[in-house]
Amino acid sequence: MKMMPCPLNGLRNISEFVYGGEVTDMPDHTTCSDREWAEYVFYTDNQIQVVTEWWLHAPSSYWFIAERHTGSDEILRTYDPSERFTERVDFEQTEDNTTTGGGSGS
Amino acid sequence: MAFSLLKYGLRKDYPFAHKPDLPIAGELKSHYDVVIIGGGGHGVAIAYYLAKYHGITNVAVLEKGYLGGGNTARNTAVIRSNYLTSEGVRFYKASVNLFERLSNEFDFNIMYSQRGQLTLAHTDATVRAFRQRAEVNRHFGGRTELIDPPAIRELVPGLNMHPGHLPVLKGLWHRDGATARHDAVAWGYARGATQRGAELHQLTEVTDVLVDKGRAIGVDTNRGRVKCGCIVQAVAGHSSLLAAKAGFRMPIITYPLQAMVTQPVKPFLDPLVSSSALHCYVQQTSRGEIVFGGGSDPYPLYNSRSTLELKESLIASAVEMFPFMAKLRLMRQWAGITDMTADYSPIMGLSPVENYYLDAGWGTWGFKATPICGQTMAELVASGGKVPELIAPFAMDRFDSFRQVNEMGATAASH
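Residue numbers (our numbering), protein chains in the order written: chain A, 3 to 108; chain B, -13 to 401.
Just chain B, same shape as in the assembly (with noise of 0.2 Å):
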């Protein structure tokens, strides 16, 4: 034993094997079967997906940042699938299904906890909304409920039962609500895509997407240009940016969202608690922080800056729900960009541009899916074009025949 320890000590690669979780990318190369222009959770769970299901490993993600430094660094790691439209839940909870299998399949600890997710009504019309989305989500298989008010006091301890003067009526609790660590996620796929042999360029940035009659056919970027058999753009909050560089306009409008965390304090809160009326979501880390977050900003803005009349009131609310965190300091705050769409629902699939695949319009509910927005959107990729089932409802021309998939129960709707 102590001889084995000593030889351990003295190995060359002590104290472990030099192997990086991610391989430096090299040079670019000149052409690759599928470009993935956005390097965050959404962007590598498909170069991961086309690996692994269908043979496809000439992938490049090109991200202008860093892996996983946009929304997915900057999202509160809410997940669920407790929508109201069936396309929605149907698509969201098959998110949960995956994301529960997550830390096995990679191999890596991406801190899943599936602590239950539960919303709070304050007037009748929520409770009627809340009943249908229960109803909804049973069908499709999650487990959520219509709760009363000692239920609710018995899970949330600490929670003050008038918050802002309102009553709390009912609770739409949502077992299969859980949070996970955001990066991780975006880590895990990367490791996973790029293991099988998709390259991942970081500061990478495209400047002009190469469109030959109609059909997308490379790219230009900083470090060159690349030739390529297919795109999919999945930049969040610069969506309409790259569009125009495509050459088509979305039906898409940015606007910041804004969040923040406090210092640790001891576990208090199990489940993600929100409120439908004061706008505001709250959960606790497993390290102790409380983050917290409400609706977008109220106007339209390329800019991740704070503001103090959004924190502020974003702040009161959160006290409203839990008078104790008055007493607590700020650690961080801050903004992401947004790219939401008209009726709260993603953008996937099809563009105007042949060969050109749209994965935006994930507003404030990107990070929930990416597991099946990457699977589904690696299935579109590599069947040509041939769009998933699953995701056919949120074509982006669904606006064009007034076909809107009305997603009340997204975090920024009200209720």
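Bound conformation, chain A alone (with noise of 0.2 Å):
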């Protein structure tokens, strides 16, 4: 089985992850047009070339990055998010959003 490199539990069957999309940057929901926020949920450049992705360790629910070529299916690197997100994120709070957001990244 392929194998992928967990940068927490090591060299883990692929069977054990959950493919978590592209780590892209999320424009500002509360001023962006909905063009922009389309262009950020829907589209995707979908190339063959080197991806930066979100994956997630399922039984120890571990979230990281690795960046794969999408021709070759070869895994070259994968890091702890720490390495990108340097600072807390906290997603602003309005009225509308108060009982479903809120939550914070790490």
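Hints listed in this document are in silico derivations from the structure and should not be mistaken for laboratory results.
As the structure is a prediction and not an experimental result, all values here were calculated from the model.
Heads up, a few of these hints could be off.
[As the list claims (entries may be wrong)] Taking lysine to any residue pairs in the SDA-like style, the calculated list, with each CA pair at most 25 Å apart, reads:
| hint | chain 1 | residue 1 | chain 2 | residue 2 |
| --- | --- | --- | --- | --- |
| 1 | B | Lys199 | A | Met5 |
| 2 | B | Lys50 | B | Leu14 |
| 3 | A | Lys4 | B | Ser292 |
| 4 | B | Lys50 | A | Gly73 |
| 5 | A | Lys4 | B | Ile301 |
| 6 | B | Lys297 | B | Leu314 |
| 7 | B | Lys231 | A | Met5 |
| 8 | B | Lys5 | B | Asn44 |
| 9 | B | Lys231 | A | Glu24 |
| 10 | A | Lys4 | B | Ile10 |
| 11 | B | Lys199 | A | Asp47 |
| 12 | B | Lys231 | A | Asp75 |
| 13 | B | Lys297 | B | Arg315 |
| 14 | B | Lys252 | B | Leu316 |
| 15 | B | Lys50 | A | Asp75 |
| 16 | B | Lys231 | A | Tyr45 |
| 17 | B | Lys50 | B | Gly12 |
| 18 | B | Lys231 | B | Asp383 |
| 19 | B | Lys15 | B | Gly200 |
| 20 | B | Lys231 | A | Gly23 |
| 21 | B | Lys297 | B | His148 |
| 22 | B | Lys297 | A | Ile77 |
| 23 | A | Lys4 | B | Ala302 |
| 24 | B | Lys231 | A | His59 |
| 25 | B | Lys231 | A | Asp47 |
| 26 | B | Lys372 | B | Asp198 |
| 27 | A | Lys4 | B | His40 |
| 28 | B | Lys38 | B | Ile10 |
| 29 | A | Lys4 | A | His59 |
| 30 | B | Lys213 | B | Tyr39 |
| 31 | B | Lys5 | B | Arg177 |
| 32 | A | Lys4 | B | Leu294 |
| 33 | B | Lys50 | A | Ile50 |
| 34 | B | Lys199 | B | Tyr39 |
| 35 | B | Lys50 | A | Gln49 |
| 36 | B | Lys15 | B | His40 |
| 37 | B | Lys297 | A | Asp75 |
| 38 | B | Lys297 | B | Phe254 |
| 39 | B | Lys297 | A | Met5 |
Dock the two chains into a complex; use the hints.
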């Protein structure tokens, strides 16, 4: 089976992992246009190249980042998100999202 | 009698007149009215209907490999219209209607075989969803009904009624469900299109799309530059790659889809059977082989490699449904590259580039749409960009306004 080098758990079977989409910058949802939001949610480059992606090691609920080639399926590098996200991300509380939002990134 | 037979045997063109089904295309011309990129079923169907209904024959179909060598040859050849959304059902029903008379129209046997398709429900929630699908389908003239386990047992005697320890509660029985020889569909359309004057250029790869002031004006190929009035892209799994050459992004992610086929056995399975929970569909071809496939790979990739884990789980599901299959041997296994959209509906119609039309986002549901897609895309091209009503809901800009056509009746979607 194909193996994924997990930054936390070492080399594990790829079937233990869940793909979580490309790492992209989220536009500010309070100010961006519908088109910009759609661009963020739906549109992708989807090229044959090295991509930076979110992956989850499901048994340990650990999210990390992997660099993978979408043509050869070669996993070039995996690392903890703290390498990329050095500051705490606080999502703004507004009146209409107090019930669902308000979570914080890590 | 004997004399005429002898005369026939001595003819120069014995044993048959050398009229190739597909004329060998010569040099590329410097200009075409329409350039269709992608010589799969969809591409040649568009060329066929352009010539047949609109008299547009100055058309080149550019194919980087060979005719029907991509997903046209890799799908599991299921034809059905029992989808969930009214937009989807209306569209696929029109395709089923065209498929029914395609052999006659081509004067070429596509081995269309309307055996019915049965989808098994294992939970109450799925039964409810199936009831809705049956009603929507019936509303648009399809023949679909819910049937009980005794009727299922009668239709499919070899079926395990507790596959994977799941009960079979109901079946969505779609009498219009059918199969056909997928290669023959592409060959039939290609023959019809080229006989009417369209050109099919194989081994001709588009390396760049020429856009001038927001208008598509031509393409660069490995055989030189071609100018054209308009361009249609019908390249399935490679949609995003080609769109990038034309300068825009698409709401598509490319995943591999794997399938396989066993050695031939005596006929035992008439309908096409699939299980909603096991994500497995099984059918027996007319030469006895059992074709089965499942959902897409778990993560995006442009590679038609196979993986043991996916094949293994697929085989496990198939054996759960038909336990005797455990004794069979696999003959072939393969993968195709599918262009998945977020809502499991295709992308057809206009693009951000003028005179550049899209036939994409076909994911795991492209083969069954070949005829109606060809017909409506030809209409779109011939009218110079007036989108036919039937495909209007599938415009790419539906994503910009969040009006997705949520097609949970698609094979890859969970039910």
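Identify every previously stated hint that the structure contradicts and give their numbers, smallest first.
Hints 1, 7, 10, 24, 27 and 34 contradicted; others consistent.
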